[in-house]
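*Asks:* One-letter residues, chain by chain:
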Amino acid sequence: MFQDESSSVTSSSSPLQVFSMMSLSPNLGSPYPWLRELKSEERGLYLIHLLLTCANHVANGSLENANIALEQISQLASPDGDTMQRMAAYFTEALADRILKAWPGLHKALNSTRITLVSEEILVRKLFFELFPFLKVAFVLTNQAVIEAMEGEKMVHIIDLNAAEPAQWVALIQALSARPEGPPHLRITGIHQQKEVLDQMAHRLTEEAEKLDLPFQFNPVVSKLENLDVEKLRVKTGEALAISSVLQLHSFLASDDEPHRKKSPLGSKNLNGIHLQRALQMNQGTFGELLEKDTVNGYSPSPDSTSSSPLSSTGSVKMDSFLNALWGLSPKLMVVTEQDSNHNGSTLMERLLESLYSYAALFDCSESTVSRTSLERLKVEKMLFGEEIKNIIACEGAERKERHEKLEKWIQRLDLAGFGNVPLSYYGMLHARRLLQGYNCDGYKMKEENGCVVICWQDRPLFSVSAWRCRK
Amino acid sequence: MATAPSSSGPFFGIREENQNQMRILHSSTPTSSTGAPIDPTPLPPKKKRNQPGTPNPDAEVVALSPKTLMATNRFICEVCNKGFQREQNLQLHRRGHNLPWKLKQKTTKEVKKKVYLCPEPTCVHHDPSRALGDLTGIKKHYSRKHGEKKWKCDKCSKRYAVQSDWKAHSKTCGTREYRCDCGTLFSRRDSFITHRAFCDALAQETARQPPPLNSIGSHLYGSSNYMSLGLSQVGTQVSSIQDHNKNQTGEVLKLGGGGSSSSRFDHFLQFGPQQQQQSMVSPPGFVMQESNQIFNQEHQPQPGLLGNNKSFQGLMPFPENNSNSTSSAPSAAGLFNLSFLSNSGNNGGADYNLTYSGLLMSDNFNNDNGGNGGSGNEASDLFSNNSMSDQITSNIPSLFSSSVQNNNMVPQMSATALLQKAAQMGSSSSNKNNSNNEDSLLRSFGTSSSTGTKTSNFGSIFGETTAGNNLHELMNSIASGTGNSSFFGSSSGVNTFNTYANRTSMEHENPSTLLPPQQQSLNVSGGGSDSLTRDFLGVGQIVRSMSGGAKQQQQQQQGIGLSSLSSERNTNITAPTSNQSFVGRGNFQ
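Taken in order, these protein sequences are the chains called A and B. Note that the UniProt record's numbering has the first sequence beginning at 1, numbered continuously upward. Note that the UniProt record's numbering has the second sequence beginning at 1, numbered continuously upward.
Bound conformation, chain A alone (with noise of 0.2 Å):
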């Protein structure tokens, strides 16, 4: 039988996915009054194993058991409810997300008025990085690595490829106006799709640097960063660069199927695999073309997929030109932040797991920190972590942008890029550390491993920070 092949293939009997096999359905009836009734914690283990049996039939192209257990998920989770139904309310909505775009007309017909507000984009951003130590630990971490990396420099030049964030180069600017043998001329350029972030940052900086006397220069480079010239960046020679990357390399991992792409070795068992690829490229929305094809994207790896073999791992090949363009700027230090969680799985449920676990992780982020009611924390579940988990869950190929990696592949990736690993500094960490303790709150935790800093919440690592200098 079809399903028992493919299960005997992947079932990669996660204990997660056994307990979606356990059956625990509780007697329901029809309006579901027990529902709402339910304690917490059962509702949440209900939740789980509601999701994972729903991912199970999308997976499996069971589109009817799908959308049973859809609606079951929708009796329970909800955007403002508890941690689990929070998450729930997200990822039903990518998994039914990804149903709809086997019906792209459909999809597109759906989603035609969605309007995205560019500065509401901006705005949650800015939560998250006010609400969550995170992006704070990697500022702090990137600021001290720069400060070590440039002492002695006369002329500094920081490349920022994601410039939102003016607070980070604040902080910068003032730490670098007190430098012992005095400031350096200093030039920030900042990448960003939005000319008005970048005017906003430019203010806010020159604002600074003129308060502090400090010769300072923003070059606003107004590009997405897939489309970057490099030209633009205008590196000059003599002046010491520094490159920031937060959590933008891993959107380089996206990738179109591309013929001469490496294949994994999982791959090599999809035995129709070329078939369905294609099925899967024309995105016909028969319902026997979808089965076909949400076989593909559950239980084989999906054919962009760099996660199962080691070789592959720097299999994109935008990944690479774009390192291979940094590495050619010759950076004294680039910083790079990322996500820590293994997202870019090859198989739906493989993404599935990992991404109930580190979204877990950051909805208890939000729960200890954040009211219930607030509305910003909802603004930023939604449109951050909502969307992320949408485009692990729903999208393939080259849509789906958010391929979290963990720090070992980074390691490895960079490495082979040309670049060097670059120890952050013990002060860079004491500072860090100092800024959790600051949250008072037990669950952020940073390790060091190999001269890298990974940023947990309890034991799950959330993201990663390492530093790296271009090694000719």
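One or more of the hints may lead you astray.
Partner residues aside, some chain B positions facing chain A, computed with beta carbon under 8 Å [unchecked claim]:
no.	residue
1	Gly133
2	Gly137
3	His141
4	Ser143
5	Lys155
6	Met413
7	Ala415
8	Thr416
9	Leu418
10	Ala422
Straight-line Cα separation of at most 25 Å, BS3-like style, residue types lysine-lysine; simulated pairs [unchecked claim]:
no.	chain 1	residue 1	chain 2	residue 2
11	B	Lys145	A	Lys211
12	A	Lys126	A	Lys472
13	B	Lys171	A	Lys154
14	A	Lys195	B	Lys171
15	B	Lys167	A	Lys211
None of these hints come from the bench; they were simulated from the model. Idealized CB from N, CA, C, for every residue including glycine.
Position chain B relative to chain A; hints supplied.
*Replies:* Coordinates of chain B only, in the frame set by chain A:
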């Protein structure tokens, strides 16, 4: 600094420390400026950081008068009185007059570096230790900070002391708009910044602030148990929390710096955890109490039927074990586990006895179960055994009643903990099912083996009771029955169970049914919802694929049979009202 957007707040604190560290770093290097002998005023201890303009200690300190500083042309040609800003330019000019001229050569020996003082006595840069490093810098500084703002922008009437500043401003004035997140537009940056200071503060106040009442609401929700125990105490605590909340907006900014703010925040944050602990501790107490009571009430009268007390007691400690192993499982978990565990048997089938053999409770039931998963016969044997069903029924109410206690307490479990728990439950059965354990989740929890032993506790308790293939299906439904009872938080849960119990007893009175026990139990647990029954089937499919083996096919068929049967069954058994009709009969204790 007051106008700085709040977002940069944390960094200010940190920066100070940065500087401290910096100095520590650099004091070891020979070029360090601090502590150098020339430095006329060693930094007073209270000064935490190097200020801008700390000069090179070897530099020559130059103090120029305001006049010279402001002079646009310091170097005057004695012939034509033309002034020059730079001496070099004057020299070149003198060449035109045929006067002796001399350009400064690039000296081979190093020029002594000069630093310049600000002539304004009240200025920080008046102090030689804070002299500025270049002449243009000090000129601009003096004009900007202490000079007259002679240059006025025609468009926005902002004034500048330095002409180049004014020029730079004029170029952009009016071309930019400053938009606050709140939607207000500004044409002048300074008014924008002023606005931002307030707007930010406001935004934070309202957004981070809605708490006072609400956050308490959530705490109440999260641990109403505690409230019921000591409302008055909580009340005071709550009010203090409100205060903290109010302070919080301010404090959050300083968080990075730690220090004083942290203590307050600390208090605020501790509230949650404390409460959680409280609420998690107490329910088990309730459970034990309640269960014991019920045990007494319901079991004493008919010890013979029950078979043995041990079995029951074996069940009760379960919540405790459970909370130990998962570290944060509230008592309710115990109830719920029941269902999962019985289900784990579901997947287990043949391997079942391997894992669970020699466990705590096995002796009680081994006789009945014959130890291997199996045939309908065995199951029916079990069913015919009254003690079995009685035991179950008596358990349910006890669990139920304790869960009523818990109902309001709602110990809040984090999503992470829930996932871990789910994984643990899963792993306990995956150990049996699946050789394919390379999964990262297992590793990440490091419990692949330990969960086996941990959960074997549960297994030992429930495993035996559910050993039979069919029987364990029965347990499924029972388990869901228990879930139910706690879900309903009302007698209806019991009712459903009772229906079920009755059902089973009825069922085993008809020995002719071969499919039966499983299906019936399923149906009952289905509770009349079409969709759920179907979902159940869906799960069944997976179960099938997971566990492999002959039994599965049997299950499959039955599962299919179920789908056809379910509808009528459901109508028969679990029409909402029928529950009540069964209640009457439920007094088989």
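*Asks:* Each of the hints needs a verdict: does it hold here or not?
*Replies:* Here's how the hints hold up against the structure:
1. Interface restraint check for B/Gly133: the shortest CB-CB distance to chain A comes to about 6 Å, inside 8 Å, so the restraint holds.
2. With a least beta-carbon distance of about 6 Å to chain A, the hint placing B/Gly137 at the interface is held under the 8 Å criterion.
3. Checking B/His141 against chain A by beta carbon gives a least distance of about 7 Å; that is within 8 Å, so the hint holds.
4. The interface hint given for B/Ser143 is broken, as the beta carbon of that residue sits about 13 Å from the closest beta carbon of chain A, more than 8 Å.
5. Because the smallest distance between the Cβ of B/Lys155 and any Cβ of chain A comes to about 17 Å, over 8 Å, the interface hint for this residue is violated.
6. The criterion of a C-beta within 8 Å of any C-beta in chain A is met by B/Met413, whose closest approach is roughly 5 Å, and the hint holds.
7. With a cut of 8 Å, the hint placing B/Ala415 at the interface with chain A holds, because the nearest CB-to-CB distance is about 4 Å.
8. For the restraint placing B/Thr416 at the interface with chain A, the shortest Cβ-Cβ distance is roughly 5 Å, inside the 8 Å limit, so the hint holds.
9. Annotation: B/Leu418 was flagged as interfacial toward chain A, and the flag holds, the nearest CB pair being 4 Å apart, inside 8 Å.
10. Below 8 Å, beta-carbon pairs count as interface contacts, and B/Ala422 has one with chain A at about 4 Å; its hint therefore holds.
11. Taken as a hint, the B/Lys145 and A/Lys211 pair is honoured in the structure, with Cα atoms around 11 Å apart against an allowance of 25 Å.
12. For the proposed pair A/Lys126 and A/Lys472, the alpha carbon gap of about 37 Å is over 25 Å, so the pair is violated.
13. Taking the CA atoms of B/Lys171 and A/Lys154, the gap is near 29 Å; set against the 25 Å cutoff, the hint is violated.
14. Taken as a hint, the A/Lys195 and B/Lys171 pair is honoured in the structure, with Cα atoms around 18 Å apart against an allowance of 25 Å.
15. With a C-alpha separation of about 18 Å, the suggested pairing of B/Lys167 with A/Lys211 holds against the 25 Å cut-off.
Comparing the model with each earlier hint shows violations of hints 4, 5, 12, 13; every other hint is respected.
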